[in-house]
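K.L.:
Sequence:
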Amino acid sequence: MKILKISSFYPRYLDDFYFKNPNLRKVPFSKQQEKLNYDAFGWADFWPHALGGSEYEMTEITANNRHAQLAWARENNLNLDDKNWYVEILRAQARKINPDLLFFEDRNISRDTIESVKSVCPNLRHTTAWCGTHYKHISEFDEFDSVIGCIPDVNQDLQKKGARVFHLSHAFDTRILERVPMTGKKHNLSFVGQILDSKGMHGTRSKYLETLASNTDIEIFSPQLLTGIKSVAKVSAHKALYGLAGIVKKNHSVSEMVRGSDIGKKILELEEPPAAISKRLRSHMRPAVFGLEMFSTMRNSNISFNIHIEASKNSASNMRLFEATGMGSCLLTDNKKNLSEFFKENVEVMTYDSQEDCLEKISWLQKNQSVREKIAKKGQEKTVTNHTFSERVKDFVKILDEVSK
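Per the working numbering, residue 1 is the first one in the sequence shown, and the count goes up by one each step.
To be clear, the hints were calculated from the coordinates, so they are not data collected in a lab. Treat the hints with caution; some may be incorrect.
To be verified - Keeping only pairs whose Cα atoms sit at most 30 angstroms apart, straight-line, the calculated DSS-like set for lysine-lysine is:
| id | residue 1 | residue 2 |
| --- | --- | --- |
| 1 | 26 | 96 |
| 2 | 405 | 377 |
| 3 | 20 | 2 |
| 4 | 378 | 394 |
| 5 | 313 | 398 |
| 6 | 118 | 2 |
Unchecked claim - If you anchor each label on the Cβ, the simulated ranges turn out as follows:
| id | residue 1 | residue 2 | range |
| --- | --- | --- | --- |
| 7 | 188 | 81 | 51 to 57 angstroms |
| 8 | 106 | 81 | 20 to 26 angstroms |
| 9 | 138 | 179 | 22 to 28 angstroms |
| 10 | 341 | 54 | 34 to 40 angstroms |
Just so you know, even glycine gets a beta-carbon here, dropped at the ideal spot from N, CA and C.
The task is simple: from the sequences and hints, build the whole structure.
P.N.:
Structure representation (C-alpha cells):
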C-alpha cells in the first residue's frame, strides 16, 4: 500500500537551512531530501523509516520547499507556470506515485489544492489529516475521511462533532543520538519552542515563562526572539495579516494569484502571530534552534522545561516529552492526567502543578544533581525502550489497517 505524506516546514527553518547549505539548492531532489532528513526537523523521514519492512510504503514530500520541489520538476521535465509551481509540482508527484492513501500533515493547504491532488490519484482509497494542535472549526476537516491526532482532549472534541478520529502519540527516533555529540551540559535550564498568541495556544506558557524569567536563569530558544523587539502595533498588524492569509489559503485561485507577487508570497508564508514579548522575557531569549541544533540544545541541558498548549488542557501529548527525555535531559513538565501512561512521575520525569511548585522543583533539581541525573537517565531509558518510532509504528499500522479496509 502506497502512502503519500504531504507536509510543510516552517519557512524560517527552510530559509535558515539553505542559508547554511547554499550549494544544496543546486543538487538533485533526492540529495536535498537526504540532507533535510538527516537534520531531523519535525518528523523528517521518521515514519517512512519506521514503516520500512511493512506492507506500507510512505513517500514524504515537503510541499513548500521550493528549492527541492523545483529540483524534482527539472528532473521530471515538468513545464511549469512559475506562479503555480506549488500545485503543479504536487499534482505531478501525486500522479507519479499514485498513492492508496494521502496523509496531509499540513491541513492548512487550500481545499482546491487538496481536491486537485486527489483527482490525479486513481488508486486513492482514503485521505487523512494530522491534527496536533487546536483547530478553529470542524469544517477544516471536510476534505478528509479521517483525522489522526495526538491530543486526547482535541480528539474527543472532534469525535463529538462527527469526525472519524484515531489517536497516535508522538515518539522519538533513536538515530538522532548518533548524530548529536554530548559536549557537556551548557544550559542549566532551557525551554525550546514557540510563544504564540493564538487562541488555544500559549497564553499560559507565556505567563509561566515570565515567572521563570523573573526567578531563574532559564534560556528560552524561540523564533519569537526576532519578534520580541516589535512594537505592539507591529504585532497587531502581524495578527491581522495572518488572519487574512488564512482566509486566502482556503481559496486556491485567489491564493495562487496572491502568491504571484513577492509581498503576497510573504503574507501567505507568515507563521502564527507571536505574543508580545516583554523586556524581562527578552533578556532570557536566545535564537531559535531547529533540527539537530534543537536536539543538541536539549542534550546539553540539565533541565528541559515543558508546558503544553492550552488545547491540551488535561493531556500530556506534545513532542517535547519524548525529544527531551530521549536526548537525556531531565524533563520538568506540567502534570497531566494521562502522564502515567508514558512516564513515572518524579522517577522518570519531574512534574509541577503551579507556578510556585514549578519554581520549587527547579530549585530542588538544581541543588540535587545526582537525583536530577538519575531522573534524566531513567527518563531516557523509558523513551528509547517504549516511545521510539519503531515501537509507535505498531499503533500507526493498526490505524492504516483500519482505514484501508
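K.L.:
Hint by hint, say whether it matches the structure.
P.N.:
Evaluated hints:
1. Note on residue 26 and residue 96: the hinted pairing holds, with a Cα-Cα distance of about 23 angstroms set against a maximum of 30 angstroms.
2. Proximity of residue 405 to residue 377 is assessed by CA-CA distance (about 42 angstroms); at most 30 angstroms being required, the pair is judged violated.
3. Distance check on the hinted pair: residue 20 and residue 2 sit about 33 angstroms apart at the alpha-carbon level, beyond 30 angstroms; violated.
4. For a cut-off of 30 angstroms, the pair hint linking residue 378 to residue 394 stands: about 23 angstroms separates their Cα positions.
5. Distance restraint check for residue 313 and residue 398: the Cα-Cα separation of roughly 27 angstroms lies within the 30 angstroms cut-off, and the hinted pair is therefore satisfied.
6. Among the hinted pairs, residue 118 with residue 2 is consistent with the structure: their alpha-carbon atoms are about 14 angstroms apart, no more than 30 angstroms.
7. Distance hint check: the CB atoms of residue 188 and residue 81 are about 53 angstroms apart, consistent with the given range 51 to 57 angstroms.
8. The hinted range of 20 to 26 angstroms is satisfied by residue 106 and residue 81, whose Cβ atoms lie roughly 22 angstroms apart.
9. Take residue 138 and residue 179: their Cβ atoms lie about 40 angstroms apart, and the range 22 to 28 angstroms is violated.
10. Between residue 341 and residue 54 the C-beta distance comes to about 25 angstroms, which lies outside the given range of 34 to 40 angstroms.
Violation of the numbered hints given earlier is confined to hints 2, 3, 9 and 10; the remaining hints are satisfied by the structure.
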